[in-house]
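J.: Sequence:
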Amino acid sequence: MDSMIKQIYASSQLTAVEQQDIQHFIKDARSLRCLSQPDADTQVWLGNHRALVFKVFDIHRLRQRWRARWKLPCPIYGQRYGWAERANAVRFGDLALPGLSVRAYLESAHPLLCARQVVAYPYLEGYDTLQQILEAGHAPFAALNAVEPVLLKMAQDGVFHLDLNSRNVMLDARHNVRIIDFEYMAWQQRQPGAMYAYYLGYLWQKWARSSLLSSDFDHWFDTMLEQRQALFSETKDDLLASFHLGKERELSRSQRYRMFS
1139 MDSMIKQIYA SSQLTAVEQQ DIQHFIKDAR SLRCLSQPDA DTQVWLGNHR
1189 ALVFKVFDIH RLRQRWRARW KLPCPIYGQR YGWAERANAV RFGDLALPGL
1239 SVRAYLESAH PLLCARQVVA YPYLEGYDTL QQILEAGHAP FAALNAVEPV
1289 LLKMAQDGVF HLDLNSRNVM LDARHNVRII DFEYMAWQQR QPGAMYAYYL
1339 GYLWQKWARS SLLSSDFDHW FDTMLEQRQA LFSETKDDLL ASFHLGKERE
1389 LSRSQRYRMF S
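Using my numbering, you'd call the opening residue of the sequence shown number 1139 and step up by one each time.
Since the hints were made in silico from the structure, they are not lab data.
Keep in mind that the hints are not guaranteed to be accurate.
Stated by the list, open to error - Here are the computed distance ranges between Cβ atoms for each label pair:
(1) 1374 / 1270: 30 to 38 Å
(2) 1387 / 1328: 31 to 39 Å
(3) 1174 / 1354: 41 to 49 Å
(4) 1196 / 1260: 18 to 26 Å
(5) 1154 / 1196: 52 to 60 Å
(6) 1352 / 1201: 16 to 24 Å
(7) 1287 / 1345: 33 to 41 Å
(8) 1176 / 1352: 46 to 54 Å
(9) 1176 / 1151: 28 to 36 Å
(10) 1198 / 1147: 22 to 30 Å
(11) 1326 / 1161: 18 to 26 Å
(12) 1236 / 1374: 49 to 57 Å
(13) 1291 / 1364: 36 to 44 Å
(14) 1345 / 1155: 18 to 26 Å
Stated by the list, open to error - DSBU-like mimics (lysine-lysine), calculated; alpha carbons at most 30 Å apart, straight line:
(15) 1209 / 1144
(16) 1144 / 1165
(17) 1374 / 1344
(18) 1209 / 1165
(19) 1374 / 1291
(20) 1291 / 1344
These numbers were taken from a predicted model, which means no experiment stands behind them.
We treat Cβ as the ideally placed atom computed from N, Cα and C, and that holds for glycine.
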């Protein structure tokens, strides 16, 4: 499959080292270091020069390969796989939200089907996931305080990231925040307050609960709510209900997709 991968898009500002990482990926992706579980459908591989990471979507089912080849939307989620990842990441950046710039997009496609889509991003040197920071126990609420304004702006901009868990938020030592993983997104959502509260609750469910006491997290949320409630039209009870929904209930992705539209 690797020999069939073709570069479909590349940034006009690629550096020489980024170009080398892309060429190495096209030539032999298996020589790169895998940063994710080897058996995962969606993998992340690190370029040989540590300039880029490649998010790799292997598409297994025939119907999904057909949709991917012709960029047809899934009936439930809209666009999927690498094509959706690329488009959503670009749209996220256009809103001046702290995501990742798309450096290149590649596909492994036959005339009728597409078996693999790949999005290349800059490698975030010096960044850890929010989950890693929480597990280390070093000033966890300082990290959460850095993340909260980003989630607020996303909600105010009507951006719903369906998988915004503590492993898809990254911070460096200065608490600069980056959001990652853009395959499943909903745009122009109409309930910013409910979405904001749900975001914070969902961080607890996935997976801050393994590192923080529920009572401490609830106290932190109450403090945030006191500061932010006036920004929203929803009542405090509505915001608390959305927070607890995110914190306590596991909803399917299809249920989440239409929650705030």
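J.: Between residue 1176 and residue 1352, does the C-beta distance stay in 46 to 54 Å?
T.: violated, 34 Å
J.: Kindly confirm whether 18 to 26 Å is satisfied by the beta carbon distance between residue 1345 and residue 1155.
T.: Distance hint for residue 1345, residue 1155 is violated at roughly 34 Å.
J.: Are residue 1374 and residue 1291 close enough, with their CA atoms no more than 30 Å apart?
T.: Distance ~19 Å between residue 1374 and residue 1291 Cα, so the pair holds.
J.: Mind checking the hinted window 18 to 26 Å against the Cβ distance between residue 1326 and residue 1161?
T.: violated, 38 Å
J.: Taking the beta carbons of residue 1198 and residue 1147, is their distance inside 22 to 30 Å?
T.: holds, 24 Å
J.: Given the hinted pair residue 1209 and residue 1144, is their alpha-carbon gap at most 30 Å?
T.: holds, 16 Å
J.: Does the Cβ distance between residue 1387 and residue 1328 fall inside 31 to 39 Å?
T.: Given about 21 Å between the Cβ atoms, the range is violated.
J.: Taking the Cβ atom of residue 1374 and the Cβ atom of residue 1270, is their distance within the range 30 to 38 Å?
T.: holds, 33 Å
J.: Range first: 36 to 44 Å. Now tell me if the beta carbons of residue 1291 and residue 1364 are that far apart.
T.: Hint violated: Cβ distance 19 Å, outside 36 to 44 Å.
J.: How does the Cβ-Cβ distance of residue 1352 and residue 1201 compare with 16 to 24 Å: does it lie in that range?
T.: violated, 42 Å
J.: Tell me if the beta carbons of residue 1236 and residue 1374 are separated by a distance inside 49 to 57 Å.
T.: Given about 29 Å between the Cβ atoms, the range is violated.
J.: Measure nothing beyond the straight line between the CA atoms of residue 1209 and residue 1165; if it is 30 Å or shorter, mark the hint as holding.
T.: Given that 30 Å is the threshold and the Cα spacing comes to 25 Å, the pair holds.
When the structure is compared with the earlier hints, violations turn up for hints 2, 3, 5, 6, 7, 8, 11, 12, 13, 14 and for no others.
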